[in-house]
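J.: The lines below spell out each chain.
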Amino acid sequence: MKSWADISWTRAVVSENLKIAESAYLLKFPRTFDFQAGQVVALGTDPDLAPRLYSIASGEQDPFVDILFTEKSGGSLTPMLSRLKPGDSLMVSKPFGTFTKIQPGSVLVAAGTGLAPFMSVLKSGKARGATVIHGASYPEFFYFDEYLEETLKEKYLRCCSRVAGGDWFHGRVTAFIEQWKGLDPGRKHYLCGSAEMVVQTRDRLISRGVPFKNIDAEIFF
Amino acid sequence: MPETGKPNVLKPLFGMTLEELSALVKEEGLPGFTARQIADWLYRKEIREISEMTNLPVRAREMLSEKYRFGTSEPVKVSASADGTRKYLFGAGNMKFIETAYIPDRDRATLCVSSQVGCKMGCLFCMTGKQGFQGNLTAGEIVNQLCSIPEWHQVTNIVYMGMGEPFDNLEQVLKSLEILTAPWGMAMSPRRITVSTIGIIPGMREFLEKSQCHLAVSLHTPFDAERRNLMPVQNVYPVQEVVDEIRRHDFSGQRRVSFEYIMFDGLNDTPDHVKELARMLHGLPCRVNLIRFHPIPGTPLTGTPDQRITEFRDALTAKGVFTTIRASRGLDIQAACGLLSTMN
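Chains as they are written, first to last, in our numbering: chain S, 1 to 221; chain B, 1 to 344.
Some hints here could point you the wrong way.
[What the hints assert, rightly or not] Listed next, the in silico DSBU-like pairs over lysine-lysine satisfying Cα-Cα at most 30 angstroms (straight line):
| id | chain 1 | residue 1 | chain 2 | residue 2 |
| --- | --- | --- | --- | --- |
| 1 | B | K11 | B | K275 |
| 2 | B | K45 | B | K77 |
| 3 | B | K210 | B | K45 |
| 4 | S | K181 | S | K155 |
| 5 | B | K96 | S | K72 |
| 6 | B | K26 | B | K175 |
| 7 | B | K67 | B | K175 |
| 8 | B | K210 | S | K94 |
| 9 | B | K96 | B | K67 |
| 10 | B | K77 | B | K96 |
| 11 | B | K77 | S | K101 |
| 12 | S | K85 | S | K101 |
| 13 | S | K213 | B | K319 |
| 14 | S | K188 | B | K275 |
| 15 | B | K319 | S | K72 |
| 16 | S | K72 | B | K175 |
| 17 | S | K153 | S | K181 |
| 18 | B | K67 | S | K213 |
Hints listed in this document are in silico derivations from the structure and should not be mistaken for laboratory results. Treat the numbers as computed from the prediction; the structure is a model and nothing was measured.
All chains, full assembly: derive it from the sequences and hints.
T.: Shown next as structure tokens:
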């Protein structure tokens, strides 16, 4: 997304900006609009800087909108987002996007902050029977793990690529998919993450017999 | 790749617009008209060193060489197809590479240029998507794909259909289009240039407002659920909204919009697709370009047989949609549509 000039946006006032892990933040502002779980908003702090898209991580009826993001060193926006304090304002577009048709009983596969749209779906009560597979480089990046453990129990599966020894699979999500005994090609699989993660995970799922029609994805654009 | 002996810390002149060159000469205390002289050397003449800009005073050339390099780079590899297509491999810094395809065809020769190293769109049918995204090209690196091949002067048309999504690198793509079409640059007609997108709506809108070049949109199916399985971008920018946006712009004159449609056997080649495509594009002056699918490793997709592609074209034509079938070129050197990749 290039410019704020031709999109509809409003200003929101930051309620909280919590640092939840190294370089990872959960930004909150009051919900003044309706949205569908899985949608994105464009955020910015300056009309002269290009907006960036972020998935909403909160539930459809929650009083606050949650945005999960990681600060990118050298990035144009995230260093500014990370410095926002309660009372500061930011630019927020109308919600849009159609990664909203997640069916009950699906497998939700995320890497890093790709968990955000799935959190929204779960908190909105739209993913009954879902299994969540979350990949992270270090355990501290298993965002919302307490909520997910409590909500999903054994259907919350974690993959940690850099640290072995915990109650998680040691390796990337792609490696987990290759050996996952619980894989059911008949279930819908939704992926969210970087282009590399989505493409490689989709390839592994297809090689294990999941029809591509049962795979839907959202990529960090 | 820098010219011999010139470290990369020097800023490349190649890829600068006239406005940027004007600012540069002002900063260096050179006369204002020097900017046009430099642009002329960069984009109209076949030199490769600042020292060869012979209508600039020697002192000016020396001063420029202390801070800048010419900035073009030669291809590091070329592959030749039996059908005359040639595929060029260019370095794009830090062990990254891009590919460019030169496709001669009777009285025209098309150059298919890349706009990014890799691609972050993740389309199911595309080899470039499999390598992920490694970075954006600069305007200079885009235009260099034309100026650094031996067939430069034979090229009649340029298509931004190589590696990457042009509207995900809009600023540099627009800058490259300015260099290619401006009178002070290469003065190509914008009617000889087509930029292809999968439908990044904000970028497409800005492109249509700022450029007169043709537009091509990768459509591949008119149905939402199907397109989401093929192209993740559908979750953010649905193709119906892409078409709605295109309808807000004027394509009744010389500027053209085309819709690229790769034919997948049993997936997007049914009578229902003909019907829905005709509905979606009704009244829009456009062309649908049918493309044979060129299988990539591990793909679950197969291409529609030629006979059915012809039937599909005829069915769309009968519904009033101007439809053509694109010839596959450069298949034997992995230069055909969807096969460009520098993963290895």
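J.: Against this structure, judge whether each hint is valid.
T.: Structure-based check of all given hints:
{"no.": "1", "hint": "K11/B <-> K275/B", "in the structure": "violated (53 angstroms)"}
{"no.": "2", "hint": "K45/B <-> K77/B", "in the structure": "holds (23 angstroms)"}
{"no.": "3", "hint": "K210/B <-> K45/B", "in the structure": "holds (27 angstroms)"}
{"no.": "4", "hint": "K181/S <-> K155/S", "in the structure": "holds (13 angstroms)"}
{"no.": "5", "hint": "K96/B <-> K72/S", "in the structure": "holds (21 angstroms)"}
{"no.": "6", "hint": "K26/B <-> K175/B", "in the structure": "holds (21 angstroms)"}
{"no.": "7", "hint": "K67/B <-> K175/B", "in the structure": "holds (22 angstroms)"}
{"no.": "8", "hint": "K210/B <-> K94/S", "in the structure": "holds (25 angstroms)"}
{"no.": "9", "hint": "K96/B <-> K67/B", "in the structure": "holds (24 angstroms)"}
{"no.": "10", "hint": "K77/B <-> K96/B", "in the structure": "holds (13 angstroms)"}
{"no.": "11", "hint": "K77/B <-> K101/S", "in the structure": "violated (46 angstroms)"}
{"no.": "12", "hint": "K85/S <-> K101/S", "in the structure": "violated (34 angstroms)"}
{"no.": "13", "hint": "K213/S <-> K319/B", "in the structure": "holds (29 angstroms)"}
{"no.": "14", "hint": "K188/S <-> K275/B", "in the structure": "holds (28 angstroms)"}
{"no.": "15", "hint": "K319/B <-> K72/S", "in the structure": "violated (50 angstroms)"}
{"no.": "16", "hint": "K72/S <-> K175/B", "in the structure": "holds (26 angstroms)"}
{"no.": "17", "hint": "K153/S <-> K181/S", "in the structure": "holds (17 angstroms)"}
{"no.": "18", "hint": "K67/B <-> K213/S", "in the structure": "violated (54 angstroms)"}
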